[in-house]
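On the provided structure of chain B, position chains D, S and Y as indicated by the hints.
So you can see what is in the structure, the chains are spelled out below.
Number of protein chains: 4
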Amino acid sequence: MANSYGKIFKLTSFGESHGKSMGGVIDGCPSGIKIDINLIQKQLDRRRPGQSKVTSQRNESDKLEILSGFFNGLTTGSPIGFIIENRDHKSKDYSNLKSAFRPSHADFVYEKKYGNRDYLGGGRSSARETVCRVVAGSFAQQILKSIGVDIFAFVSSIGSISISENIDKLNLDNIDNSIVRCPDMNSSELMIKEIEKVQKQGDTIGGIITCIAKGTPIGLGSPVFDKLHADIGKGMLSINAVKAFKYGFEQKDISSSKGSEVNDIFIDNSGKTSTNFSGGIQGGISNGNDIYCEISFKPVSTLLMNQETINNKGEKIIIKAKGRHDSCVVPRAVPIVESMMALTLLDHYLISKSDKL
Amino acid sequence: MANSYGKIFKLTSFGESHGKSMGGVIDGCPSGIKIDINLIQKQLDRRRPGQSKVTSQRNESDKLEILSGFFNGLTTGSPIGFIIENRDHKSKDYSNLKSAFRPSHADFVYEKKYGNRDYLGGGRSSARETVCRVVAGSFAQQILKSIGVDIFAFVSSIGSISISENIDKLNLDNIDNSIVRCPDMNSSELMIKEIEKVQKQGDTIGGIITCIAKGTPIGLGSPVFDKLHADIGKGMLSINAVKAFKYGFEQKDISSSKGSEVNDIFIDNSGKTSTNFSGGIQGGISNGNDIYCEISFKPVSTLLMNQETINNKGEKIIIKAKGRHDSCVVPRAVPIVESMMALTLLDHYLISKSDKL
Amino acid sequence: MANSYGKIFKLTSFGESHGKSMGGVIDGCPSGIKIDINLIQKQLDRRRPGQSKVTSQRNESDKLEILSGFFNGLTTGSPIGFIIENRDHKSKDYSNLKSAFRPSHADFVYEKKYGNRDYLGGGRSSARETVCRVVAGSFAQQILKSIGVDIFAFVSSIGSISISENIDKLNLDNIDNSIVRCPDMNSSELMIKEIEKVQKQGDTIGGIITCIAKGTPIGLGSPVFDKLHADIGKGMLSINAVKAFKYGFEQKDISSSKGSEVNDIFIDNSGKTSTNFSGGIQGGISNGNDIYCEISFKPVSTLLMNQETINNKGEKIIIKAKGRHDSCVVPRAVPIVESMMALTLLDHYLISKSDKL
Amino acid sequence: MANSYGKIFKLTSFGESHGKSMGGVIDGCPSGIKIDINLIQKQLDRRRPGQSKVTSQRNESDKLEILSGFFNGLTTGSPIGFIIENRDHKSKDYSNLKSAFRPSHADFVYEKKYGNRDYLGGGRSSARETVCRVVAGSFAQQILKSIGVDIFAFVSSIGSISISENIDKLNLDNIDNSIVRCPDMNSSELMIKEIEKVQKQGDTIGGIITCIAKGTPIGLGSPVFDKLHADIGKGMLSINAVKAFKYGFEQKDISSSKGSEVNDIFIDNSGKTSTNFSGGIQGGISNGNDIYCEISFKPVSTLLMNQETINNKGEKIIIKAKGRHDSCVVPRAVPIVESMMALTLLDHYLISKSDKL
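Top line first, the protein sequences correspond to chains B, D, S and Y. Quick note: the first sequence, position 334, residue 334 per the numbering used here, numbers continuous. Quick note: the second sequence, position 269, residue 269 per the numbering used here, numbers continuous. Quick note: the third sequence, position 260, residue 260 per the numbering used here, numbers continuous. Quick note: the fourth sequence, position 131, residue 131 per the numbering used here, numbers continuous.
Simulated from the structure, these hints should not be mistaken for laboratory data. Certain hints may be false.
A partial selection of chain Y residues facing chain B, derived with a Cβ cut-off under 7 Å [claimed, not checked]: (1) Ser-31; (2) Pro-49; (3) Lys-356; (4) Leu-357.
Covered by chain B, per the in silico footprint, the following chain S stretches (three or more residues, Cβ under 8 Å) [to be verified]: (5) 25 to 38; (6) 49 to 56; (7) 104 to 115; (8) 274 to 280; (9) 321 to 329.
Don't be surprised by glycine CBs; every beta carbon is placed ideally from N, CA and C.
Excised from the complex, chain B in its bound form (with noise of 0.2 Å):
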């Protein structure tokens, strides 16, 4: 397995949701930065299950312990080793899915592959892995805060219900205003009502999460494999459930457009164009205008009412699960976005440090 992101700054992670605790380690995070613990646990807490009547009622504190690599609130270049403790795991109930392969659940692959199977929880597939990556990204994202750049991310669409107003007359500040984290108002109360009804049927639907970074500096990405959107875009497709990545700001649809519709013109010789269908990124390197990506989630595959499946014997069984699921986990996935954005341009950042002597 690879458990790993990162190549100067670099996370491993480890934990089943079963287990005593999830964890991760830095490695490569440069020494003397001020970090705000608190604001690592607001992204925690925005990630959490059982923040809103929108997610699952699970209840998990997700509460940072830090083993190393920090002190006095400063980053000290040693490798930052931390825990969550998975409090809520004991509560669970799983016998039902002992033997069952869930469809579009990672049941079936993980057996093959590995020759076990975590039924307690989905092993290194459950989505609770992902609180690691919260933690590293908001590292992350205040580091990157103090050179300059700012990430946002929001819900623009759920189901068949997408943002009205124009994305770049969009208050960012709405974001938190919203639980389904969309800032214009209007489609917020609309995706809310959406997902209420999906709920009451036992059903899941998916939608779009858009994430913008502002004030990247010009030059981060590599002109042939490691372009920076070939990274971003590695790092939100191993989101769980993330099914399709694009970037450029578009207001239409590129693949079906015209050179002379969509190559952006140079303003000035600070890189500034006058649109912005590059998305930040040309040739594969940060030109400095607005990064902008789009990321599409499927619906959670786990249902709250009957489906068809067969068990690890072969035969047919009927499953329905128990308990306290998502109906949509896109709200829940916005600090998640956040931090792999976060995490992938904090490494490209020092990753240029050496592209000059």
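Here is chains D, S and Y on its own, set in the frame of chain B:
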């Protein structure tokens, strides 16, 4: 810069289009595998300019020369060094572009990042680099073929024209019967006309390539960061002009769907599912069904028409490309897409050898 | 910083001796392997202080807690997160060392490199970090044992006292019958006396550990940069206080020998040779004979006697260590040497799985 | 196989001695650095056979051809591809060795590992590969020179003959006045005679190279696994025929010394110490004093005399090498040692750029 792709089966490429040759090293290729060099040359020919009326009329014979790691038709386990001469590089005339920052090209960011710019041919940002990917990808494709994996890519959209047949009804043997590499022959005709129309305008057009891998073993990919689709996505997004990636067999848009509509039901314990919205990958791990993804290309940024831009003194200028340029690169990108799929799948296949002792 | 070791079987460690706990993540451990936690604890006990009269009398129980990746006695294929509490860390008194740069310690370079210094316990330069290597190394050692590889390390010199018996006549079962871990019981007695003598002087003494791996499969290691002995050498040189590494069974000094004196003659086509000057590795690749190497340790730099040095203002000062320090770390380093050998061999074993398809 | 060296400044090499050419790619070279190709050629000439009466009389002109990444005398930030033709490869006569496993060569392990063997020239086990290290190392050496680092290597022992002068009294300008590259001219004469004597016997002889780096910045290296000396040690141990590595300026054997005898006392807060037993590295991190290490080479395994061995059927045979072989490779290895030192120091220099933000 980072000019390597893969962890075990690793390609490192080098070369600029104006230099003497492109080249690369394939490290980590297992020994004793029979490779047909003619098949590699065939893939290079599918990629090269001048192959049909819808591509650039530049003339690059793209003759592969293998320098090491290959003996008597077999891989030896040693690194495979190779070069491809740049025959046509002297005739290019870029003098008018020496100081211009072309819109939506890498010129501006390249000069900021490296303090120099390869005005002779775009340096490492030139799509000529992909010739090396096709060499390595073709090695990988042949190796995968020997373990039962078949990779197909084809053009499914050009501009607003998309395949009209149901995708799983397509006759994939038709791909190379179409100069745009669209196996739906009716759509193919329309696409050719669309490109010719745009060509006459001096404009360019984007499109979409669909890639399918059949026969992939169960168990490739990791459940956390190195999800199989995340690594495929990164590979595809690293191809020049790619703006978006999605995976999963989609008749409908998955992010606006309900879970009950898009969960894939297992048919039997071979892992076969009745639908394939998962695109052959669940929880980041291949499940034995066809891998299925779509890659969106923007229109080429080089236009044979006047465009406003700035030069490196920040002055506004008008540029217009001269010479032989592609109006649509999507048909030529088909073997590149196949190559990135092959490189990624083979690497994960070799990685998966240590899942168990 | 770089706190990871290995390519496929990879340990990432964290923690400082003054913090709450040490810990690490083992990524890439194959699934389904039986591990005896008691044997890991036994290796930790061989390393810990306070185990005999020749070691520091500090009291660290070094109790291992595994947080993930291990279930019902078997590895699961998930990353193995673990911690070991630092029980004794509060009682340390380092106030007199807060501003001093101790001779031949990392204090000076650490402060220059990171802009801070962990005067409480040496930060990542403390040998306490090796506790994590022993945990991961013990996992590796047990896995190797299951495929027939046995690793032994023992003390062959302390100061000027060296093993007097011919090394291949030694009874390796005697290693732990000696508190200095020297299986030649006569030499063992002399070594104990030597350490006690130095201890009384407040001084310290170096020594040599010999490490032997029996039953290594043929074919581990690569012919160029990642020669097996180069990677073993790096692992050993990364242990605190190690100054030199050599490999090969040497009755004579190989660099002053003639080829006709030290070439190993093959006996049969199993690869067995009549002599083993090659130390089980030819051209960087294991040949099935015993792997054999020697690791030299300098004397501990912390002395219980007055030493001249400077403080961080550049002023000359006199320091003298207080408390419980080792006069000779070599006996305690035996399980660490075994661990680095095991980590390196297992990693190369997993890498070698892709030599052929 | 693993044919790359370095993390940021990374060499990937390819080629076999019987093939058309050797070659490599240097990835991660910062842009805008002036490189004198003549100085690289000079280093290649110091390594090549046929340069004096004490080396093999084979004739390889070792002419470097750079294919990319270098323009108008400056590095561009793009990967530097290069090749060196194998001119002399056709004249070799290895037919008598086709089925023999030569003693202390890689023939046996290579055939077991890869299922094939390059009897034409040892495949990747041939020391001809080091020509690529010298190219990349010479780039690194020139870059380091520009930041004040000077690297010297010289022969300090051949067989039982060692430098008689105190090492820090040596005039390093004399190195290339000696065909064995020993700057102590009296010892040099004795070494030449020793090699000539061995040569007449058809035998071979080993020796030791000392390497010194002056002007290294403080702070290179990491405190745990990637200690600077561990990485230098790995680089040196990866050179063909190297059997041992030690670091530290040693008039006495450090492992048999007491702490009070070998601790280095700081003179002032520049980090200068009165002695340099630490060899310029403390706790794995450079301290600004001269880096100092010794590398021991075994005698060449190819002898011009009869040796007993087996063939690949397990039959006992007698072999005797024909043609032009080195009786002692140590003098030719001097630029290789310098190269591995340069590659390692430059890589750590670039890594250290992200110690702080």
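Consistency of the hints with the structure:
1. Against a cut-off of 7 Å between C-beta atoms, the interface hint on Ser-31 (chain Y) holds, since the closest Cβ of chain B lies about 6 Å away.
2. Here the hint on Pro-49 (chain Y) is broken, as its CB sits about 34 Å from the closest CB of chain B, past 7 Å.
3. At about 5 Å, the closest approach between the beta carbon of Lys-356 (chain Y) and any beta carbon in chain B falls short of 7 Å, and the interface hint on this residue holds.
4. Taking 7 Å as the C-beta contact cut-off toward chain B, the hint placing Leu-357 (chain Y) at the interface holds, the least distance being around 4 Å.
5. Counting residues of the segment 25 to 38 of chain S whose C-beta sits closer than 8 Å to any C-beta of chain B gives 5, which meets the bar of three, so the coverage hint holds.
6. For a cut-off of 8 Å, the count of residues in the segment 49 to 56 of chain S with a CB near a CB of chain B stands at 0, and the three-residue condition is violated.
7. Coverage of the segment 104 to 115 of chain S by chain B holds. Counting CB-CB distances below 8 Å, 3 residues qualify, and the rule asks for three or more.
8. Using a Cβ-Cβ cut-off of 8 Å, 0 residues of the segment 274 to 280 of chain S lie near chain B, which falls short of the minimum of three, so the contact claim is violated.
9. With 0 residues carrying a beta carbon less than 8 Å from a beta carbon of chain B, the segment 321 to 329 of chain S misses the three-residue requirement, and the given coverage is violated.
Figure legend: structure checked against the earlier numbered hints; hints not met, in rising order: 2, 6, 8, 9.
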